[in-house]
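*Asks:* If you read the sequences in order, they're chains S and F. Going by my numbering, the first sequence opens with residue 1, and the numbers climb by one from there. Going by my numbering, the second sequence opens with residue 202, and the numbers climb by one from there.
Treat the hints as calculated values from the structure; they're not laboratory data. Errors might be hidden in some of the hints.
[Unchecked claim] No more than 25 Å apart at the CA atoms, straight line, and that leaves these computed lysine to any residue pairs for SDA-like: (1) S:79 - F:298; (2) S:79 - F:354; (3) S:186 - S:116; (4) S:79 - F:386.
If you want the building blocks of each chain, they are given just below.
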Amino acid sequence: MKNIYIILFLFISATTQSVAQIGENYLTLHYSTGVGLGSTNEYISKMSFRGASFEYKRFVSSDDVALGFDFNWNVLYEKKGHDTYTSGTVSLSGSQFRSLNVLPFMATVDYFLADQDHMVRPFVGLGLGPVHTIENVDMGLYRYTNKEWHMGFKPQVGVWYYLNETTKLSLSSEFLYAFKTADTAKRELLTFNIGFAFTPY
Amino acid sequence: MKKIPFKIILGFILLALVGCYPQENGYVDDYDLVATNYDKDFTFSQHKTFALPDSIILIDEQTTKDDVVFVEDKTATLILNQIRTNLLQLGWTEEDTTTADIILLPSVFKNTTVYYYYDYSYWGWYYPGYYPGYGWGYPGYGYPYPAASSYQTGTLFMQMTYREGIEASSVPVVWTGVINGLLNVGSSSSVNSRITSTINQAFNQSPYLK
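Can you build the whole structure from these sequences, using the hints too?
*Replies:* Encoded structure:
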């Protein structure tokens, strides 16, 4: 856990140094909520209020197309009531505590439907890249953990609202799809994000 | 050196607040686990007489081959009676060990796990010189916080052995029920209630025993 913070800190520091020299670049920090869809919802149906995202966007074509990357972190959790799970001749009864960490690392492209002279700038975007998932199932005094890397993509829609020259209120919603792997089911997540986009200096 | 913008720090704090593994303190029976397995080639409906021992063997860290220990009578009686009740309700008949088709052998395994708290408040770290007399703190040195604790778990094994299938080198086990949970938590009536309900659960999830 500590190592992740150190890496994040170095990453943010390094990014803001370069951003300051380029100009029309934005960092976005979101508080993120999410809910699983499809088989992910069957695994954990409760909505998650634990999440954050960090995004970097650089406008490359006039001021309507931005390229960048982002990193999300959503944690889904649910206590399942007492139940019996059967596989072959084996049956297992007890309460389950399930959690799912979803961490996509994506290259992104966003298209803004209004230029920077507008107070409200809606946008649509697409991300593509690896998705790391960590699943824990606690049952009785035992824990089953499965860590996996998927490939995934996420279309998103959002809007920026002008607050001042350097800061925008950012609202967005993303649909994350992580393809199934040999050992893990596909993961689908719908997130709702609120935060700020700003030029760092 | 450039200052880190306040917004970055805010974002950093936000990420820190997220946490990665939510935890929830459950009730003690949330930690109870009941597992069953059976031999799918064995026809239980044709072998419905059983025999039970009078006592239950206890296995723990101190158990040796030459020093057999048994579960205290009160608890053993509770376990044996609950097994007996369930089998009778399933239409089985109790017989002597010399004639019964199935000999059901219960045993209890007890284990103690020691763990260390990982909570900064227990460790009492203070910068030397911050307050007079405060130096680097160590657990157990001047701070009344426990640095370690333990929990005790118990596992009840219920194994059905098929008497006619016994050979010199092997005993066929046609059904196994395993119950695992915390031991030294709650009153004795609470523990007894959990024993009763988990034994019932083991038989409820084994409908093929009918």
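*Asks:* Compare the structure with each hint and give your call.
*Replies:* Checked hints:
| no. | hint | verdict |
| --- | --- | --- |
| 1 | S:79 - F:298 | violated (44 Å) |
| 2 | S:79 - F:354 | holds (22 Å) |
| 3 | S:186 - S:116 | violated (38 Å) |
| 4 | S:79 - F:386 | holds (21 Å) |
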